[in-house]
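Work the whole structure out from these sequences, hints included.
Residue numbers (this note's numbering), protein chains in the order written: chain Y, 21 to 360; chain C, 21 to 360.
Hint data in this document are derived by calculation from the structure and do not stem from the laboratory.
Being a predicted model, the structure only gives us computed values, none of them experimental.
No residue lacks a Cβ here, since even glycine has one placed at the ideal position from N, Cα and C.
Take these hints with a grain of salt, some might be off.
[Claimed, not checked] Away from chain Y, derived, C-beta distances all over 12 Å, residues of chain C:
hint, residue
1, A30
2, P48
3, M70
4, I193
5, A206
6, D222
7, D303
[Stated by the list, open to error] Computed list of lysine-lysine pairs in DSBU-like fashion (alpha-carbon distance at most 35 Å, straight line):
hint, chain 1, residue 1, chain 2, residue 2
8, Y, K260, C, K213
9, Y, K262, C, K194
10, C, K284, Y, K233
11, Y, K78, C, K194
12, Y, K192, C, K344
13, C, K260, C, K325
14, C, K233, C, K192
15, C, K78, C, K260
16, Y, K233, C, K78
17, Y, K262, Y, K194
18, Y, K262, C, K233
19, C, K224, C, K194
20, C, K284, C, K192
21, C, K233, Y, K78
22, Y, K78, C, K260
23, Y, K78, C, K262
24, C, K130, C, K233
25, Y, K260, C, K192
26, C, K102, Y, K284
27, C, K325, Y, K78
2 protein chains.
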Amino acid sequence: MTVNRQIRLAQRPVGLPGPECWQLTEEPVVQPDEGGVLMQTLAISLDPAMRGWMNEGKSYIPPVEIGAVMRAGGIGRVIASKNPAFPEGCLVTGGPGVQDYCLVPADQIKRSGLARIDPRLGSVSQWLNVLGMPGMTGYFGLMDVGQPQAGETLVVSGAAGAVGQTVGQLAKIKGCRVVGIAGGAAKCEWVVKELGFDACIDYKTGSVRDGLKQHCPDGIDIYFDNVGGEILDTVLTRIKRKARIVICGAISQYNNTTAVQGPKNYLSLLVNRARMEGIVVFDYAPRYGEAIAEMAGYLREGRMKSKEDVVRGSVDDFPATLLKLFNGENFGKLVLQLAD
Amino acid sequence: MTVNRQIRLAQRPVGLPGPECWQLTEEPVVQPDEGGVLMQTLAISLDPAMRGWMNEGKSYIPPVEIGAVMRAGGIGRVIASKNPAFPEGCLVTGGPGVQDYCLVPADQIKRSGLARIDPRLGSVSQWLNVLGMPGMTGYFGLMDVGQPQAGETLVVSGAAGAVGQTVGQLAKIKGCRVVGIAGGAAKCEWVVKELGFDACIDYKTGSVRDGLKQHCPDGIDIYFDNVGGEILDTVLTRIKRKARIVICGAISQYNNTTAVQGPKNYLSLLVNRARMEGIVVFDYAPRYGEAIAEMAGYLREGRMKSKEDVVRGSVDDFPATLLKLFNGENFGKLVLQLAD
Chain Y
21 MTVNRQIRLA
31 QRPVGLPGPE
41 CWQLTEEPVV
51 QPDEGGVLMQ
61 TLAISLDPAM
71 RGWMNEGKSY
81 IPPVEIGAVM
91 RAGGIGRVIA
101 SKNPAFPEGC
111 LVTGGPGVQD
121 YCLVPADQIK
131 RSGLARIDPR
141 LGSVSQWLNV
151 LGMPGMTGYF
161 GLMDVGQPQA
171 GETLVVSGAA
181 GAVGQTVGQL
191 AKIKGCRVVG
201 IAGGAAKCEW
211 VVKELGFDAC
221 IDYKTGSVRD
231 GLKQHCPDGI
241 DIYFDNVGGE
251 ILDTVLTRIK
261 RKARIVICGA
271 ISQYNNTTAV
281 QGPKNYLSLL
291 VNRARMEGIV
301 VFDYAPRYGE
311 AIAEMAGYLR
321 EGRMKSKEDV
331 VRGSVDDFPA
341 TLLKLFNGEN
351 FGKLVLQLAD
Chain C
21 MTVNRQIRLA
31 QRPVGLPGPE
41 CWQLTEEPVV
51 QPDEGGVLMQ
61 TLAISLDPAM
71 RGWMNEGKSY
81 IPPVEIGAVM
91 RAGGIGRVIA
101 SKNPAFPEGC
111 LVTGGPGVQD
121 YCLVPADQIK
131 RSGLARIDPR
141 LGSVSQWLNV
151 LGMPGMTGYF
161 GLMDVGQPQA
171 GETLVVSGAA
181 GAVGQTVGQL
191 AKIKGCRVVG
201 IAGGAAKCEW
211 VVKELGFDAC
221 IDYKTGSVRD
231 GLKQHCPDGI
241 DIYFDNVGGE
251 ILDTVLTRIK
261 RKARIVICGA
271 ISQYNNTTAV
281 QGPKNYLSLL
291 VNRARMEGIV
301 VFDYAPRYGE
311 AIAEMAGYLR
321 EGRMKSKEDV
331 VRGSVDDFPA
341 TLLKLFNGEN
351 FGKLVLQLAD
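As structure tokens, this is what we get:
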């Protein structure tokens, strides 16, 4: 009997999610029903948004229930199938959760968002990065909300992260001047030298204010925000007329034990007739295909790079690996690879 | 010799602008040059935005300089003219400043935005209200940024104020359900009984949170914000998907001696894929004509009312009258009438 090891949410975190939040369980693997699919999880996506899913209360998706397998996107291989759309051996993307195996019964195939992926377009980890949720988030957040015009100046925080690298590279392709904000010299150097950003500000060692003055002397047309907090407030002081601020996330605030820090410079939106707008990637599911096709083209042509920080391990490495996101330790899209 | 009495900015305020901020000066009235116009100020518009103009630093218009006549919109009568476009006796709207007379030299006619008004469309005080800047602000803020659809729910703060009354009535005309937020039972009652709002929440005696729960059980599509602070934060907890928040002002914050209170619930924009956008009325100057024509039609048909709080006095009543805005003492658009 094959055993399915699972990480379940044991309790809701206060601040950073420590080991007390998690429980390892084991269950026998169950074979699929008629029309169902059994997948083996190859790789799990670790995302800042996971921290939000652990909280109680209304959000854009329901919270993970206490005792439930932790929600996670991932890539799997179909190892048993009674559904001709997903033959054995094919690779799929979906939300397996943090577990070795995921059974998708027939009546949940559609709801689960299970979809085959084409391994010729990108590696498993790239399918969790530029071709996956972060890539889709960056693509639609930039194109739909940011609406970049050639010659405009874009600033993106979390520049070396999964969403940030997509946004910055895509904005370059669309003709923008791109300035990143990232933590540490290595990330900043990589973003400029490897990804072709025009500049990158190291928020850990320098002043973001001074960096923006230097690198965006004429102001900022688009700010793609993944971090919130002080950096958002600083950027607000330098936006241009009719600027667009894409609110994608606020990783600096997710583990707060006090209230979220609101942007005290929000009246800059008034002064500059600017806009701040939120984006949730799931809204764009019907259009993922067009974005994947475009981005896969850029990857193939070498116009876009996709960097992942792949941790090889097992499901019980999940709790510690997740914390890398919140101290900025990951360099590139954070992936936990469970199998090949 | 006719004397022109003027109120000048003596020093920049910290917190509420007290008497120390102002200086009364007297100058002889000067006759216009060829192409110029001399107007007598009939009425001055008192607006929350004035508080911002008194601060140093970059904003959507330059600050009033120390020693300069305080900037103010108003209505005047042309009493001497060497410009055939503005014959003696005609009424004009423009920015006379807080003074009894305003000379507009030929080379500043265009820049000054001086324009004739048609007294048949509305009274002098209405030309400072629904047909003036507050009306234009409400009109374009609602129509351009708020983009109301019939059946949607709109909430407007400062509901009995100049901008608020325009916004709420216009939104009703456009088929929205309209809930106001105002201070005091009298204003709330007026807004509902006279202006036809569906409900009005008294923030001074009740809980805005409870009021919104009661009157907007399905959430809020458009929030037109004139006040900022706690009320903005409370509204953010109840917005619907794709909501629009029009940032028109933040009167609760203008006299802060500490930092502006940022909206700590701004991540509701993300959860709800919502938008927060600033509006500055001056951008719409080329389109004032269309808005005035539409609103004058509503006034004539009795579909829209225009309530002003007219203080009759002289320029030296300006400092004390201005303070009525910031303690919410005014009921309707605040106007200082200097002459008939």
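Verification of the hints:
1. A30: holds (25 Å)
2. P48: Nearest chain Y Cβ is 38 Å from P48/C, so the label holds.
3. M70: holds (15 Å)
4. I193: Correct as stated: the minimum Cβ-Cβ distance to chain Y is 25 Å, above 12 Å.
5. A206: Correct as stated: the minimum Cβ-Cβ distance to chain Y is 29 Å, above 12 Å.
6. D222: Given a closest Cβ separation of 25 Å, the condition holds.
7. D303: violated (6 Å)
8. K260/Y <-> K213/C: violated (42 Å)
9. K262/Y <-> K194/C: Holds, at about 26 Å.
10. K284/C <-> K233/Y: Given that 35 Å is the threshold and the Cα spacing comes to 26 Å, the pair holds.
11. K78/Y <-> K194/C: holds (31 Å)
12. K192/Y <-> K344/C: The hint is violated at about 51 Å.
13. K260/C <-> K325/C: holds (29 Å)
14. K233/C <-> K192/C: holds (20 Å)
15. K78/C <-> K260/C: holds (34 Å)
16. K233/Y <-> K78/C: holds (15 Å)
17. K262/Y <-> K194/Y: holds (19 Å)
18. K262/Y <-> K233/C: Since the Cα atoms of K262/Y and K233/C sit roughly 33 Å apart, the hinted pair holds (cutoff 35 Å).
19. K224/C <-> K194/C: Judged against 35 Å, a Cα distance of about 29 Å means the pair holds.
20. K284/C <-> K192/C: holds (30 Å)
21. K233/C <-> K78/Y: holds (15 Å)
22. K78/Y <-> K260/C: Distance ~12 Å between K78/Y and K260/C Cα, so the pair holds.
23. K78/Y <-> K262/C: Given that 35 Å is the threshold and the Cα spacing comes to 16 Å, the pair holds.
24. K130/C <-> K233/C: violated (49 Å)
25. K260/Y <-> K192/C: holds (34 Å)
26. K102/C <-> K284/Y: violated (49 Å)
27. K325/C <-> K78/Y: Violated, at roughly 40 Å.
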